[in-house]
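Visitor: Here the protein sequences come in this chain order: A and B. Count the first sequence with the numbering used here and you get residues 3 to 295, in order. Count the second sequence with the numbering used here and you get residues 3 to 295, in order.
Certain hints may be false.
To be verified - Covered by chain A, per the in silico footprint, the following chain B stretches (three or more residues, Cβ under 8 Å):
1. 7-14
2. 21-31
3. 36-44
4. 47-56
5. 81-88
6. 108-118
7. 152-166
Read the hints as simulated data drawn from the structure, not as lab findings. Quick reminder that beta carbons are idealized off the backbone N, C-alpha and C, glycines included.
2 protein chains.
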Amino acid sequence: MPDIDKAAGAITTEVVESFRDTDDPRLRELLGGLVQHLHRYIREYRPTLEEWERAVEFLTAVGQKCDDTRQEFILLSDVLGVSMMVETVNEQGGGTESTVLGPFHVVESPARNSGDSIDLMGGGTPCVVSVRVASADGSPLAGASVDVWQCTEEGFYDVQQPDVQPLGNGRGLFRTDGEGRLWFRTVVPSHYPIPTDGPVGALLEATKRHPYRPAHIHFIVEAEKHRPLTTHIFVANSQYIDSDAVFAVKESLVVDFPTVDDQETAGQYRVTSPFRMAEFDIVVEPETEEAAR
Amino acid sequence: MPDIDKAAGAITTEVVESFRDTDDPRLRELLGGLVQHLHRYIREYRPTLEEWERAVEFLTAVGQKCDDTRQEFILLSDVLGVSMMVETVNEQGGGTESTVLGPFHVVESPARNSGDSIDLMGGGTPCVVSVRVASADGSPLAGASVDVWQCTEEGFYDVQQPDVQPLGNGRGLFRTDGEGRLWFRTVVPSHYPIPTDGPVGALLEATKRHPYRPAHIHFIVEAEKHRPLTTHIFVANSQYIDSDAVFAVKESLVVDFPTVDDQETAGQYRVTSPFRMAEFDIVVEPETEEAAR
């Protein structure tokens, strides 16, 4: 229908043009592009008014499900692969790969010293995680901040179980030593379902998708004059490692957590034997001159 | 960067594929298309993580601004031209043009009889609105339901002023008579700003857009075996008729509201003279066989 095409094109032009006086050129660019893509989507898929109303109701419910410890819009972004796409286009290559922030970085991690335990519950099997932070050329980065958060062996973050877990369980904000190293005691996190009691859960159900994420530990690494890095390490062989509900698995981020059965090593790390142990490097990229400006 | 392109393409494929088991084929189609367009937008405009976080915060705030009488997501859809685009792609041609529903159809209109007044406040200048509903071939449609809502001469809907206006002021649900006609007494609505005390208002401010809509009266017309129609009539020469904040003006919907200074006609319509008068036809399309199935 050529008349509809003409009318539709005129609307897009008018809306994009309405942003012409925006002071911030980047905001103008992002809004203009968003309008063009949204309008193209509507022209291509022709949603009915009822479908538009359902979309409005859905987005409203997503917003209303959010509170201090629940971020349903991040969940939505995650299950649509939007979060992972944003991470991917910001990847610079060379360093450790990034992955999604996820919706549970909602409270500040308590400052802890290398060697501390982030398991405040006394989980079943102890685990030692040992990290070395380096720059792209391999040189260790001392004094880098490493923010860590993970769920319990039962698959829950502290904020999901305020009556069971103390706030800060599974969380720690560390600094690397002179050799770029830090380690901490914890438990091996479990695979877990993303929260399904909200509209995003209803979406997964309507599309027959499972809500599970494979077991992982979150990291945000910030070192001076380097680009910050948001990533996970995934526990090798975890259930759902091939079908993460939020599409965040990258092969390079999968790490072995072998069982160590050795009293002497256990003593060094102040855990009981046998225990699980993960060791890996995180490499961050120097800021480019452009980014540093 | 070809590697990023490859990784990004793989994510889109994986997400679209994740919807493969959705029972409802239309839901599968709409979600797959949405994911493809959103991902393309991200690849083209490369939002930073900070920009993504701001978008999440903005959408969350939009959802949290909604309540029983405030629909901020419809406002957002409106100011981005999304609502108007959805109306446009659903236009079938032939009948009266449609336009946006807007965010104020949030309460049921009280049933009224032809000739009733929807002005429960006693506004300044009386106005008579006379409508004839017909099918595409010109034949009058008796018993059609006509839902009407409008703001006051001051530019506010009842739900915006619960302490000033009785609920139902400016609203009426009418039925056409045997000749397809109905009329009602009211006031001429004013141009008005869409609500600016929420995140959508902040968006308009950041983009230096004004929030005003030209004066209009809303209609939803439903007649048996005809497609329902959502539209406005716009008051000719209203301020902002050329720059509606929600892009909803269509030339064919602009109607003259001349002043009538004639005691006899005023008496017929039970108003005082002088008064304003708008007369127009609304034409709805018969349902196609396909749509009727």
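Visitor: Would you mind marking each hint as holding or not holding in the structure?
Guide: Hint check:
1. Coverage of the segment 7-14 of chain B by chain A holds [criterion: at least 3 residues with CB-CB distance below 8 Å; count 4].
2. Counting residues of the segment 21-31 of chain B whose CB lies closer than 8 Å to any CB of chain A gives 9, so the stated coverage by that chain holds, three being the minimum.
3. Residues of the segment 36-44 of chain B with a Cβ under 8 Å from some Cβ of chain A number 8, which satisfies the need for three, so the listed coverage holds.
4. Check result for the segment 47-56 of chain B against chain A: holds, 7 residues qualifying (beta carbon to beta carbon below 8 Å, three or more required).
5. Coverage of the segment 81-88 of chain B by chain A holds. Counting CB-CB distances below 8 Å, 7 residues qualify, and the rule asks for three or more.
6. For the segment 108-118 of chain B, the proposed coverage by chain A is not satisfied: 0 residues have a C-beta within less than 8 Å of a C-beta in that chain, short of the threshold of three.
7. Under the rule that three or more residues need a Cβ within less than 8 Å of chain A, the assignment of the segment 152-166 of chain B is violated, with 0 such residues.
Figure legend: structure checked against the earlier numbered hints; hints not met, in rising order: 6, 7.
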